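Chemist: These are the residues of each chain, in order.
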Amino acid sequence: MKNKSLSLLTQSCRAAALAAGLAFTANAADTVKVGVLHSLSGTMAISETSLKDVLLFTFDEINKSGGIKVTGKNYMIDPVVVDPASNWPLFAEKAEQLLVKDKVAVTFGCWTSVSRKSVLPVYERYNGLLFYPVQYEGEELSKNIFYTAEAVNQQAIPAVDYMLAEGKKKFYLLGSDYVYPRTTNKILKQYLKLKGIPETDIVEIYTPFGHTDYQTIVAAIKQFAAGGSACVISTLNGDTNVPFFKEYANAGLTSENCPVVSFSISEDEFRGLPAKQLVGQLGCWTYFMSLKTPENAAFVKNFDAWLKDPQVAGVDYKVTGVDPKGRVTCSPMNLSRIGVYLWKQACEKADSFEPDKVAAALIGQKFKGPAGEVTMQANHHLVNNVYIGETLASGQFKIIKTFTGVAAEPFSEKFLK
Amino acid sequence: MTAITLVATTGRAADGTNDYRSLLSQAVILEDGPAQIELIKQLVGASDELVARGLAAWRVNELYVYTSADGAKIPFLLDAQQDSEGKGRGVLLTDGQFIKDNHGEPVIFLASGLTPADTNSKLRKAIKTTLDLFAIASPMPNMRRDAVIKLGQEQNPEYLPYFQSRLQIEPNAQVIAALSEAVALTQIVSPDDKIRTAAINSLARMQSINALDFLKQLEKKATLAPAKYSPQTARALRDAIVRIETHIWWGHFFGTAFRGLSLASVLLIAALGLAITFGLMGVINMAHGEIMAVGAYTTYLVQGVFGSGLLFSLFGHPVSVKGVGLSGGGLDCYFIVALAASFFSAALVGLALERGVIRFLYKRPLESLLATWGVSLVLQQLFRHTFGAANVSVVSPSWLSGSFVVSDILFAYNRIFVIGFAVFIVFGTYLLLTRTSLGLQIRAVMQNRAMASCVGVRTDRVNMMTFALGSGLAGMAGACMSQIANVGPSLGQSYIVDCFMIVVLGGVGNLVGTVSAACGVGVTNQILEPWLGAVLGKIIVLVGIILFLQWRPNGIFVTRSRGLDS
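Top line first, the protein sequences correspond to chains A and B. 0 is the number of the first residue of the first sequence in numbering that gives the first Met the number 0; add one for each residue after it. 0 is the number of the first residue of the second sequence in numbering that gives the first Met the number 0; add one for each residue after it.
Wrong hints could be hidden among the right ones.
[Said to hold, decoys possible] Cβ-to-Cβ under 10 Å is the rule here; a few derived chain B residues that face chain A:
no., residue
1, N119
2, S120
3, K149
4, R204
5, Q206
6, R383
7, N390
8, S392
9, A411
10, N413
11, I418
12, G419
13, V422
14, R434
[Claimed, not checked] To be clear about the criterion: a stretch of chain A counts as covered by chain B if any three or more of its residues have a C-beta under 8 Å from a C-beta of chain B, and this derived list gives those stretches:
no., stretch
15, 78 to 92
16, 266 to 272
Just so you know, the hints here were simulated from the structure itself, not pulled from any lab data. None of these values were measured; they are calculated from a predicted model. Where a beta carbon is used, it is the ideal one built from N, C-alpha and C, also for glycine.
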């Protein structure tokens, strides 16, 4: 009953949208509406607000440098910020609102895979454009989504390669219990077997969200690492890392006797995570704040300056979070920003805001970002540099290994050969 | 680092001291990784305190490079005596003298303003090996033991003479065990069959868990190439593996018991406050978790005041609290103060909650459920506005970090503390309820309010005190949780379900029930977790509780009283 009325509603919405001719082009004041679809409340708010901040900063950056030149006019970006409140069905509703009511030309958003999966049919139905910036498990390709995010072969595989090169022979795969860790670990397991690691030397363990009791797991890791040359590959999410690393350090395990490489801990996470207990543990991303490039220095400096007076096109956006001073940049933030620039370049190339034309123009777009040059491939993923960093007590990473020009491949069967 | 400074062995004024120092200086200044590692390896055998200090500082990014007036690069580290801002005098690695300015006064450096000498994990590993070999002679038995275990696993025959010479003078039993293990572990790869078999047998006698992987590898090799291994070796291998695996099984058994007890204590501490407010008073307090969070945030505040101060916003106005600036032992004491402070702050919040909301709803339990749930949302948002949506960082004092090992079972200090604390507050609550006049009044009011009122007990005041007591206990629980879990606005939500589960399972209105329910759930959870994983384990426990409550709807222990029946 409920479903029926819902589908009726969506049908009428679709009809209305079609009747409006999907007018994605800008309105009188030469502005173009752009959607920001990140949770500003609920569990994911802590991570996603930073992405909203960096997106608004990037819009302001582009507006100040003359906006987007399409059909001979300079269009200013007019952000439409909505709050899906960490609620997966609400993501789809808000996405529909952005596409149908606000008629945005493009949306930047989503963090968790489940939120992306929730909005995917909406973007396909209304033929919208979505840029997705956070490392994910792959095995997905929609013509309406551009993934600036790290695919598995841009994060997990290089990290494991590094561990193998370091002489590690036993792998403990520990993750939070949801789609990203499970898929990543499934791929990693196959990959490790290809590399000659016997099944008995790979352990795969999951814990629920918000798990605080890591005694049993740490005791098991301690025993696992007793013979030496073991490492932990962690896809634990968010704040479960605190009790895990506390217990880990208490058990006398260190980065020397059993290193941990985490895929979900970036500079931004250290705002609520004591870095002291993680010193020497590894991270793997396509960007680190500590990268020494002129582009990165400018990015970090300008973002920090913008946070003190957060305005886009004259509208004040109060920055959430108590202390605007302790802010950092991290890989998802950098990838969000790169997405905006790639979209801008594609619009200018296509000389239009029509999603189909922009999508076609996006393929092959290059952008020299803070972590080096990226290229959008025909598979809607980036060619990007991959870095491995060691955690420092300051919550920054010291880069110890660089893989240049790694082409993202969303489908694991293509690189598991 | 303080431990490392003690490394220097007494006596033996080595002629080579200066050579070692210049070797280390060279290693620091070189840019070439492999050559650096080679130099670090040559430092083994140096018995110079400064070299050990320099190496240790290098490993933790506290070694810096000084360019003297004539352009020579000399590594230096900061004096162990630094002031509260981390400023200290620079000690040159070549002669142990302070770096002096033109007037001959020592130059004061700020650690955070200096760029440390480069390291990477390979270098640090090499440094650690060299330090480990230093550490074999360390005066600290723990350090000696860790170093020996690590070196033994490398199965490097070069280390054997170091082990054996140490074995003859080693006084500590634990280190002797580690040394014999290391010797045996190194000897099982010996080409001599007799030495090999003897080593395997001694590993079996020691029940060495560290050796299990190596023995299994050896057994694999032996089955692949039976010609190279005598049947005695093969049999000794099998026996050793079986023996060690049995030992692991027992370790696992007792380890699970300890971990179950510690989880039970966590649950008990969290639920005890609720056992009073819900169990004794019958108030369905959905804000119980948030009152725990009040305690946890109080701990954070106390830590800030003891340490370097903190910043938060009070209804949009930034408030900065200056800290006393203690460090080390002084800062470690903050937790004791925080425990008391969190009791009183949470009790005050509880008092306000009782006076402001709950006292009007004693006769309407369902409405008190909704009202307190509303209060919990208000409190959560208040935490967010005051301290930010992100978790705040509470650092455990040093006496709650680390662990000790008995017969390969790990006992973490914070877990032992939690168990002790649970025993303490349960006992305290029991004494309060049974041995004081307040306890007598509380029990009287809970059993029969009207009767108690008739004999002159001020029931209104007793209600207030009881609720404040329950809230205070919840606050202490929050302080305790800050040591093992996250402190954030949603701290309360993650415990509220567990708390109600424990109190209902134990039997409402019964402390003994709460204790036994916590123990039952904790231990069952830890038994199931290694088999079924954390997720399924939790589900099974929950299903078990539901089934149990179907069978005994009033929980393990049923308390009958007129007050509760009505």
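Chemist: Would the hint on B:G419 stand, with a C-beta cut-off of 10 Å toward chain A?
Modeler: Violated - the Cβ of B:G419 stays beyond 10 Å from chain A, reaching only about 16 Å at its closest.
Chemist: Would you check whether B:I418 satisfies its interface hint, that is, whether its CB is within less than 10 Å of any CB in chain A?
Modeler: Violated: closest Cβ of chain A sits about 12 Å from B:I418, beyond 10 Å.
Chemist: Counting residues of the stretch 266 to 272 of chain A that have a beta-carbon nearer than 8 Å to any beta-carbon of chain B, does the count reach 3?
Modeler: holds (count 3)
Chemist: Please verify that hint: B:R204, Cβ, nearest Cβ of chain A, below 10 Å or not.
Modeler: Where the cut-off is 10 Å and the nearest Cβ of chain A is about 18 Å from B:R204, the hint is violated.
Chemist: Would you check whether B:K149 satisfies its interface hint, that is, whether its CB is within less than 10 Å of any CB in chain A?
Modeler: Constraint on B:K149 satisfied, holds at 7 Å.
Chemist: Per the CB criterion, is B:V422 less than 10 Å away from chain A?
Modeler: Violated. Min distance 19 Å.
Chemist: Can you confirm whether chain B covers the stretch 78 to 92 of chain A, using C-beta to C-beta distances below 8 Å and requiring at least three such residues?
Modeler: violated (count 0)
Chemist: Can the hint on B:N390 be confirmed by a CB-to-CB distance to chain A that is less than 10 Å?
Modeler: B:N390 check passes; min Cβ-Cβ to chain A is 4 Å, inside 10 Å.
Chemist: Would you settle whether the hint for B:N119 is holds or violated, based on the nearest Cβ-Cβ distance to chain A being less than 10 Å?
Modeler: holds (6 Å)
Chemist: Does the CB of B:A411 sit less than 10 Å away from some CB of chain A?
Modeler: Since the shortest Cβ distance to chain A is 4 Å, the answer is holds.
Chemist: At a threshold of 10 Å, is the proposed contact between B:S120 and chain A supported by beta-carbon distances?
Modeler: Holds - the Cβ of B:S120 comes within 10 Å of chain A, reaching about 7 Å at its closest.
Chemist: Hint validation: B:S392 versus chain A, beta carbon distance must be below 10 Å. Holds or violated?
Modeler: For B:S392, the interface hint holds, since the closest Cβ of chain A sits about 5 Å away, which is under 10 Å.
The structure is inconsistent with the numbered hints 4, 5, 11, 12, 13, 14, 15, although it conforms to all the rest.
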